[in-house]
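The lines below spell out each chain.
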Amino acid sequence: MPTLIQLKNGQFSETEDRFTLVGPDDLTPASGGVILSLARFEGEGALLDEGRPVGVLLQPDEAVEALAYDLPRIAVVALAFPKFRDGRAYSSAALLRSRLGFTGEIRAVGDVLREQAREMVRCGFDTFIPSDGSSSQEWAAAAHRYRHVYQTAADHRAPAFVERSPSDGL
Amino acid sequence: MSLYAYDQIDREMLADRAAEFRGQVARRLSGDLTEDQFKPLRLMNGLYLQLHAYMLRVAIPYGTLDGRQMRALAAIARDYDKGYGHFTTRTNIQFHWVRLKDTPDILDRLAAVDLHAIQTSGNCIRNTTTDPYAGATAEEVDDPRVWSEAIRQWSTFHPEFTYLPRKFKIAVTGSAKDRTAARAHDIGLKIKRSREGELGFEVMVGGGMGRTPYLGPTIREFLPARSLLSYLTAVLRVYNRLGRRDNIYKARIKILVASTGAEEFGRQVEAEWAALDQGSIDLPDLELARIRAAFGVIPFETLPARSEAFEAARAADLALARFARNNLAPHKKPGYTIVNIALKAPGETPGDATSAQMEAVAALAERYGHDDIRVTHAQNLVLPHVKLDDVPAVFAELQRHGLATANLDLISDIIACPGLDYCALANARAIPIAQDIARRFEQPDRAEAIGELKIKISGCINACGHHHVGHIGILGVDKKGEEFYQLSLGGSGAEDASIASILGPALPADQVAPAVEALVDAYLGLKTGEERFLDTYRRLGPAPFKEAVYADAHPA
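Order-wise, the sequence lines are chains A and B.
Each residue of the first sequence is one higher than the last, beginning at 1 in our numbering.
Each residue of the second sequence is one higher than the last, beginning at 1 in our numbering.
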């Protein structure tokens, strides 16, 4: 079972995955949490009514806006990185947090490397399935390597222009 | 003081980056990381593996340096390279012969003088370029360095825009006379005032060179200045989401804008912008004021517009007179001038400077130039604030270091990419072609008689030498293992921007300089009045020039 790293209350830890990622040809398991592709989710939305934790896996070319009306009932949005160079999921995560008000789990899956930890955390991801075997300590070190940030993002860290502001902390 | 003064936050960002990279290099050297795994990490730090060695590209934010920084670059060139550096068309500097194990130390030495290699490569927002005359020319509406610095901070490690479809380049011009080739950039920004006097930007998006050149259309005539960063965020987000990722040659924003249509693309940007929480992105007025103040104020003296000492010296020295004619530009303050230092001595590599030359320029800046040095996208240097009284002394010192070539914007002031010798992408050499042409037009009277003529040479279709916007553009191509060169005419990167058109079949290397000479002779025979080469070409079209080159190359 691959490691699932969770960011909670500012701490990274390895945690048990409550969800089964349902492949395109898999049967949906009878119980427990599931993560479905967008197409499967649209076809099997009734699962939401069963009170089961349901998540959706979005590919980079699938717009997060497609989920807008279901988001309050979705437990996890998994965003796929087919290649680490494919940066569309950062915008997806940022939109989920800042525009669509999603407060559930945003999970990074696919080609997920420690070197991206910082960007992912800043854009609002809070769970990670690293493909490079990173431990939660390594992940945390990579995510926290920089003492400052220059821009506002979904992580609500105070950017440099706020740190510099004379009213900061008042 | 005339450089944006880094505060503790800016410095700690660089220190943290240097430490991170040191760790990554250590993991590579110990074998923890394979070259495949290391490659994206080093590319985030401007470190390329080239034909002969590693190449490190150091950022020079919006092309501004002080003497201390220039000395540090000179020392790095001496200690870790072969005693010279190469200034690029992105106003950065490259060291072509560094060793991997030395790069962490180099980054530490750079960080000690507020320099770095952040975002000098990779599919991210690259170094913003601006007018090398910023803060010195009377033409500007506002100082573009202030806005370039705002962009530098906003774009540095932007978490959403670190893995774009392709690299992304922004230029800011503060003057209508455009020395930045703004329309040839992914985003070009022109500072202007609205009819009501409000400060803002004209926003051009989707320009670019490469195999499909475009001039960026204007998607917004007037953007209030304080909304700059939120608007840029909107452009970048639309591009990050919709730009093509299936084909590296179609991944630049110019392709997205062209295929979507400028109007529709602009509409998408406006919609995204309207939905953004702009207040959390745009810098507060106080921070903009802080950045402006951090550039300091130059204590200009009140001087007469005419310097008797300078006038007497140039009357007595023909070489100084020539330098003054070609390499000085008017300064906003009476009694001051802008001094252009061409890194284009005949026979030298365009943009190269030795450690001794860099130190000489640093000393001149410190002594005569308010410690301010600029790098231009034409691969030259500028001392933007020199007293006319001091020009003779500055000129003498430049002469002593082989830096007094009086050819700014003339035929031998050639832009050339590093080419096949130094770049893994190139198909052909660029530098020897530039050297050939410069030697052929070495005679300064002749070069002056020809007047403004911008030759730009790229060693491959990636067009780092900007050949598409050359009055004469030269593109190296590979034909069955042999280097050939395609000539294009009529391009311009200035405010009258245009894309050059291919003249005819590509020529072998040894026929390029003769072809340029044939073009020049044709121009001299056809010009009327004060026409530049470009004007004559635009008036007459390609026919007489085609005739001149190909009749000559293939005599019937």
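Just to be clear, a hint being listed does not mean it is correct.
[Unchecked claim] Below 27 Å or equal to it, Euclidean Cα-Cα: the simulated DSSO-like pairs (lysine-lysine) are: (1) B/177 / B/39; (2) B/333 / B/39; (3) B/177 / A/83; (4) B/82 / B/101; (5) A/83 / B/39; (6) A/83 / B/332; (7) B/250 / B/167; (8) B/177 / B/332; (9) B/101 / B/250; (10) A/83 / B/169; (11) B/192 / B/333; (12) B/250 / B/479.
[To be verified] Okay, the calculated bits of chain B under chain A, using three or more residues with CB under 8 Å as the criterion: (13) 276 to 283; (14) 431 to 439.
Since the hints were derived computationally from the structure, they do not count as laboratory data.
Even for Gly, the Cβ is constructed at its ideal location relative to N, Cα and C.
Consistency of the hints with the structure:
For the hint pairing residue 177 of chain B with residue 39 of chain B, the CA-to-CA distance comes to about 40 Å; that exceeds 27 Å, so the pair is violated. For the hint pairing residue 333 of chain B with residue 39 of chain B, the CA-to-CA distance comes to about 49 Å; that exceeds 27 Å, so the pair is violated. Taking the CA atoms of residue 177 of chain B and residue 83 of chain A, the gap is about 43 Å. The hint is violated against a cut of 27 Å. Using a Cα cut-off of 27 Å, the hinted pair residue 82 of chain B and residue 101 of chain B holds, with the two alpha carbons roughly 16 Å apart.
Under the criterion of a C-alpha separation no larger than 27 Å, the hint pairing residue 83 of chain A with residue 39 of chain B is consistent with the structure, at around 14 Å. The hinted pair formed by residue 83 of chain A and residue 332 of chain B fails the criterion: a straight-line CA distance of about 51 Å is larger than 27 Å. With a C-alpha separation of about 12 Å, the suggested pair residue 250 of chain B and residue 167 of chain B falls inside the 27 Å cut-off, and the hint holds. The straight-line distance between the Cα atoms of residue 177 of chain B and residue 332 of chain B is roughly 15 Å, inside the 27 Å bound, and the hint therefore holds.
Proximity of residue 101 of chain B to residue 250 of chain B is assessed by CA-CA distance (about 36 Å); at most 27 Å being required, the pair is judged violated. For the given pair, residue 83 of chain A sits about 23 Å from residue 169 of chain B by alpha-carbon distance, which is consistent with the 27 Å threshold. Taken as a hint, the residue 192 of chain B and residue 333 of chain B pair is honoured in the structure, with Cα atoms around 21 Å apart against an allowance of 27 Å. Annotation: proposed proximity of residue 250 of chain B to residue 479 of chain B holds, straight-line Cα distance about 23 Å (limit 27 Å).
Counting residues of the segment 276 to 283 of chain B whose beta carbon lies closer than 8 Å to any beta carbon of chain A gives 4, which meets the minimum of three for the stated coverage. Look at the segment 431 to 439 of chain B against chain A: 0 of its residues bring a Cβ nearer than 8 Å to a Cβ of that chain, fewer than three, so the hint is violated.
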